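Chemist: Sequence lines, in order, name chains F and E.
Position 170 (the first sequence) corresponds to 169 in numbering that gives the first Met the number 0; numbering is contiguous.
Position 93 (the second sequence) corresponds to 92 in numbering that gives the first Met the number 0; numbering is contiguous.
The hints are simulated quantities; they were obtained by calculation from the structure and are not laboratory data.
Just so you know, these numbers come straight off a predicted model, no measurement behind them.
All residues carry an ideal CB built from backbone N, CA and C; glycine is no exception.
Among the clues, some could well be false.
[Stated by the list, open to error] Okay, the calculated bits of chain F under chain E, using three or more residues with CB under 8 Å as the criterion:
hint : segment
1    : 378 to 390
2    : 396 to 406
[Stated by the list, open to error] Pairwise CB distance ranges (calculated):
hint : chain 1 : residue 1 : chain 2 : residue 2 : range
3    : E       : 33        : F       : 359       : 52 to 62 Å
4    : E       : 294       : F       : 86        : 38 to 48 Å
5    : F       : 62        : E       : 33        : 39 to 49 Å
6    : E       : 135       : F       : 183       : 25 to 35 Å
7    : E       : 135       : F       : 53        : 34 to 44 Å
8    : E       : 34        : F       : 230       : 31 to 41 Å
9    : E       : 154       : F       : 53        : 51 to 61 Å
Here's the letter readout for the chains.
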Amino acid sequence: MGRLVVKSPFLLAILVSLALLGGCSSPGGLPDNAEAEIRFWNGFTGPDGATMERIVKQFERETGIRVKMQIIPWATYYDKLILSLAYGGAPDVFICHANRIAEFARYGVFRPFDDLIASDPQFDVSDFLPNIWKAGQYEGRQVGLPLDCHPQGLYYNLKLFREAGIVDAQGNPKPPQTWQEFLETARRLTKDTDGDGRPDQWGFAFTWLRTNWITFISQHGGSILSADLKRATLAEPPAVEATQQMCDIIYRYRVAPKPEGFDSWMGFRQGRVAMAIEGIYMLSSLEEQKGLQFAGAPVPSFGPKRAVWGGSHMLCMPKDISPQRAAVVWKFIRYLSDHSLDWAAGGQVPVRKSILKQPRFRQMRVQYAFAQQLPYVVFEPASHKSTEIMPFYDAAIEAALLGIKSPQDALNEAARRIQQVLDRP
Amino acid sequence: MKVLSLPPHRRHEALVGYLFIAPYIVLFVAFVLVPVVWGFFISLHNWHVLGEQKPFVGLANYRALLKDDLFGIALLNTGYFALLTVIPGNVVSLLLALGLNARIRGEDVYKAIFYLPVILSVAVVAIIWRWMYSTEFGLLNYYLKVVWEFLRLPGEFQPVPWLNSPQSAMPSLALMSIWWGAGGNMLIYLAGLRAIPEEYYEAARIDGAGGWARFWHITLPLLRPSLLFCLVMSLIGSSQVFGQSYILTGGGPHYSTLTVVLYMYQTGFSLYRMGYACAVAYIMFAIVLVFTLLQFRLLSARQEE
Numbered sequence: 000m001g002r003l004v005v006k007s008p009f010l011l012a013i014l015v016s017l018a019l020l021g022g023c024s025s026p027g028g029l030p031d032n033a034e035a036e037i038r039f040w041n042g043f044t045g046p047d048g049a050t051m052e053r054i055v056k057q058f059e060r061e062t063g064i065r066v067k068m069q070i071i072p073w074a075t076y077y078d079k080l081i082l083s084l085a086y087g088g089a090p091d092v093f094i095c096h097a098n099r100i101a102e103f104a105r106y107g108v109f110r111p112f113d114d115l116i117a118s119d120p121q122f123d124v125s126d127f128l129p130n131i132w133k134a135g136q137y138e139g140r141q142v143g144l145p146l147d148c149h150p151q152g153l154y155y156n157l158k159l160f161r162e163a164g165i166v167d168a169q170g171n172p173k174p175p176q177t178w179q180e181f182l183e184t185a186r187r188l189t190k191d192t193d194g195d196g197r198p199d200q201w202g203f204a205f206t207w208l209r210t211n212w213i214t215f216i217s218q219h220g221g222s223i224l225s226a227d228l229k230r231a232t233l234a235e236p237p238a239v240e241a242t243q244q245m246c247d248i249i250y251r252y253r254v255a256p257k258p259e260g261f262d263s264w265m266g267f268r269q270g271r272v273a274m275a276i277e278g279i280y281m282l283s284s285l286e287e288q289k290g291l292q293f294a295g296a297p298v299p300s301f302g303p304k305r306a307v308w309g310g311s312h313m314l315c316m317p318k319d320i321s322p323q324r325a326a327v328v329w330k331f332i333r334y335l336s337d338h339s340l341d342w343a344a345g346g347q348v349p350v351r352k353s354i355l356k357q358p359r360f361r362q363m364r365v366q367y368a369f370a371q372q373l374p375y376v377v378f379e380p381a382s383h384k385s386t387e388i389m390p391f392y393d394a395a396i397e398a399a400l401l402g403i404k405s406p407q408d409a410l411n412e413a414a415r416r417i418q419q420v421l422d423r424p
Numbered sequence: 000m001k002v003l004s005l006p007p008h009r010r011h012e013a014l015v016g017y018l019f020i021a022p023y024i025v026l027f028v029a030f031v032l033v034p035v036v037w038g039f040f041i042s043l044h045n046w047h048v049l050g051e052q053k054p055f056v057g058l059a060n061y062r063a064l065l066k067d068d069l070f071g072i073a074l075l076n077t078g079y080f081a082l083l084t085v086i087p088g089n090v091v092s093l094l095l096a097l098g099l100n101a102r103i104r105g106e107d108v109y110k111a112i113f114y115l116p117v118i119l120s121v122a123v124v125a126i127i128w129r130w131m132y133s134t135e136f137g138l139l140n141y142y143l144k145v146v147w148e149f150l151r152l153p154g155e156f157q158p159v160p161w162l163n164s165p166q167s168a169m170p171s172l173a174l175m176s177i178w179w180g181a182g183g184n185m186l187i188y189l190a191g192l193r194a195i196p197e198e199y200y201e202a203a204r205i206d207g208a209g210g211w212a213r214f215w216h217i218t219l220p221l222l223r224p225s226l227l228f229c230l231v232m233s234l235i236g237s238s239q240v241f242g243q244s245y246i247l248t249g250g251g252p253h254y255s256t257l258t259v260v261l262y263m264y265q266t267g268f269s270l271y272r273m274g275y276a277c278a279v280a281y282i283m284f285a286i287v288l289v290f291t292l293l294q295f296r297l298l299s300a301r302q303e304e
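Work out the full structure, taking the sequences as your base and the hints as a guide.
Modeler: Set out below in structure tokens:
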């Protein structure tokens with residue numbers, strides 16, 4: 000027995016050190032021959048994942064190139080991606096949101112597409128919407144290729160509109176287009192049906208505060224950062240006015256609930272909220288709601304400028320990919336872009352003019368309505384500090400809309416903190 | 000190591016001892032000691048995960064932290080959380096232990112019930128309590144409304160915005176944490192109470208000491224080792240509060256639940272600024288160390304009197 004006791008820790012120690020050594024050794028380079036499968040990472044965990052899977056399967060059938068797609072939930076996606084880019088094991092092609100391109104491109108982690116684009120005569124850059132195409136650039140090089148765009152739009156409840164008699168000459172529900180129309184519509188749709196003095200049906204509700212706010216301030220000509228990305232501009236009059244307008248919708252006109260504890264999106268799904276401004280990617284969540292009759296329209300004009308928040312999924316390659324592999328991956332990226340109409344069906348908007356014109360896209364009613372806004376989509380600032388400054392304006396918007404601080408005070412505080420971040424080398 | 004200077008049979012025994020702890024030591028060195036030292040090294044650099052160069056910046060990260068008002072807010076919030084949980088939480092644990100020590104019927108059942116939350120992970124606890132705290136659909140507001148209407152209190156019941164107002168968010172997290180952790184300390188206190196010889200109480204009772212006097216002069220002094228342990232562990236635990244605000248509030252509303260570890264995590268893992276994040280960790284380490292030493296001093300000095 001005594002001998003056994005002496006031996007087993009030995010054994011264990013050896014095993015443990017072996018395990019540690021194993022853990023330390025690098026995974027080694029991936030096979031670099033062009034026949035090997037393409038590794039593709041994305042965060043499409045919803046119905047969009049199933050759509051992507053179908054397109055990928057089709058690509059495999061048509062080309063004989065194998066693709067290993069890994070879907071990682073967005074919540075942990077970037078952690079895994081960044082570590083793989085820094086320490087090895089990165090995929091051959093991956094999705095990066097437009098608003099994070101600069102943050103990562105600054106460290107040179109992407110392989111630019113410029114030479115591939117130049118050597119592919121069939122690839123027509125001018126088919127892409129220029130503002131969205133540019134969002135994939137960093138310091139003049141194309142590091143991301145836009146697969147889609149996901150702008151916000153106005154979702155509205157057809158049944159509630161009909162009940163309130165908000166219809167056009169043909170009797171179809173009529174979404175508001177201007178600030179006055181919006182206010183009037185929202186007023187008529189805000190109802191206290193049980194007479195307890197508090198509305199139980201709301202004309203409008205703010206869902207995702209950050210993106211709603213970006214739409215509002217951009218329409219008023221405001222911005223988060225100056226054009227050169229060096230100065231915080233969110234406490235300047237246009238942005239403050241826009242924030243005040245959002246507060247007024249809640250507290251002055253009382254046509255939207257205080258965002259505190261009110262699950263606005265659930266409210267819209269259940270027909271207790273008549274209008275909401277949300278991204279096209281929320282479409283599938285509405286389609287699965289039984290009994291909900293809804294439609295989509297461009298966001299009304301709340302201010303003098305046309306603008307709407309949007310995001311975009313960019314296809315990217317890692318910097319250390321070999322030329323042969325890059326050529327194969329380029330084929331795959333081209334294929335995804337050429338088939339972005341199939342991708343749109345899962346609740347996205349394509350960004351190529353030739354696809355936007357196709358009759359089949361017109362039949363996707365909500366996508367088509369939201370796509371009308373593509374020329375004036377606004378992204379989060381293309382600063383490499385975009386992610387870092389985000390919590391500050393998030394906090395300010397929350398404080399203003401909950402009435403914790405006045406819009407001016409809340410935005411001043413955020414601007415001060417954001418400026419500190421911008422000034423740091 | 001004094002192993003070599005020992006006589007052969009003792010040497011063998013010592014060797015066996017070291018081998019027994021070897022697996023733990025290996026893991027400890029690999030996953031605790033090395034990262035701790037490495038972390039300090041990182042804190043002296045401008046260390047972005049993706050950066051090819053990670054320039055040495057000396058104490059610049061620490062200097063920047065001193066001027067970082069968000070870090071100040073995080074420190075205050077963490078202190079507030081500790082204030083709300085350490086003493087109240089231990090009082091709850093001690094009361095539960097005293098109740099169980101009365102050798103009531105079904106003691107094991109109660110023990111299990113009170114201990115059950117401890118085995119849950121913070122994620123599970125947070126998700127359960129998110130539903131309880133929901134302003135609109137939450138169980139707590141539902142019952143508060145029932146009670147309000149039953150008592151015919153004046154006016155209409157206004158739902159409590161548990162996690163949605165800067166005033167109530169942190170106390171809500173503290174309440175949840177006390178519920179979650181009270182069972183663990185309860186068992187330690189119970190063990191401590193059971194270790195106090197019954198004769199002391201008998202002798203006190205013969206001398207005419209009342210319940211309160213017995214508690215104050217016998218129970219509490221003899222429970223000091225347990226108290227010391229529980230208070231120190233609670234303080235360390237609460238200064239590292241993370242999961243609660245990470246899952247339930249994300250540090251909001253308006254920074255009211257931003258804690259030091261959450262700030263460290265956000266800096267390190269959503270901004271990938273590891274140097275700065277490590278500096279946050281080291282400052283936190285220094286603060287916890289000071290508090291722990293103080294507490295040891297305070298409580299053990301009295302014991303020697």
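Chemist: Take the hints in turn and mark each one as holding or not.
Modeler: Quick rundown of the hints versus the structure:
With 3 residues having a Cβ less than 8 Å from any Cβ of chain E, the segment 378 to 390 of chain F passes the three-residue criterion, so the hint holds. Here's how the segment 396 to 406 of chain F fares: 5 of its residues keep a CB closer than 8 Å to some CB of chain E, so the rule of at least three is met and the hint holds. For residue 33 (chain E) paired with residue 359 (chain F), a C-beta distance near 58 Å keeps the hint of 52 to 62 Å intact. As the Cβ distance of residue 294 (chain E) to residue 86 (chain F) is approximately 40 Å, the hint placing it in 38 to 48 Å holds.
As the Cβ distance of residue 62 (chain F) to residue 33 (chain E) is approximately 47 Å, the hint placing it in 39 to 49 Å holds. One distance hint, 25 to 35 Å for the beta-carbon pair residue 135 (chain E) and residue 183 (chain F), holds here, with the actual separation near 28 Å. A hinted range of 34 to 44 Å for the beta carbons of residue 135 (chain E) and residue 53 (chain F) is consistent with their spacing of about 38 Å. Between residue 34 (chain E) and residue 230 (chain F) the Cβ separation comes to about 39 Å, which falls inside the hinted range of 31 to 41 Å.
The supplied range of 51 to 61 Å is met by residue 154 (chain E) and residue 53 (chain F), whose beta-carbon atoms lie about 57 Å from each other.
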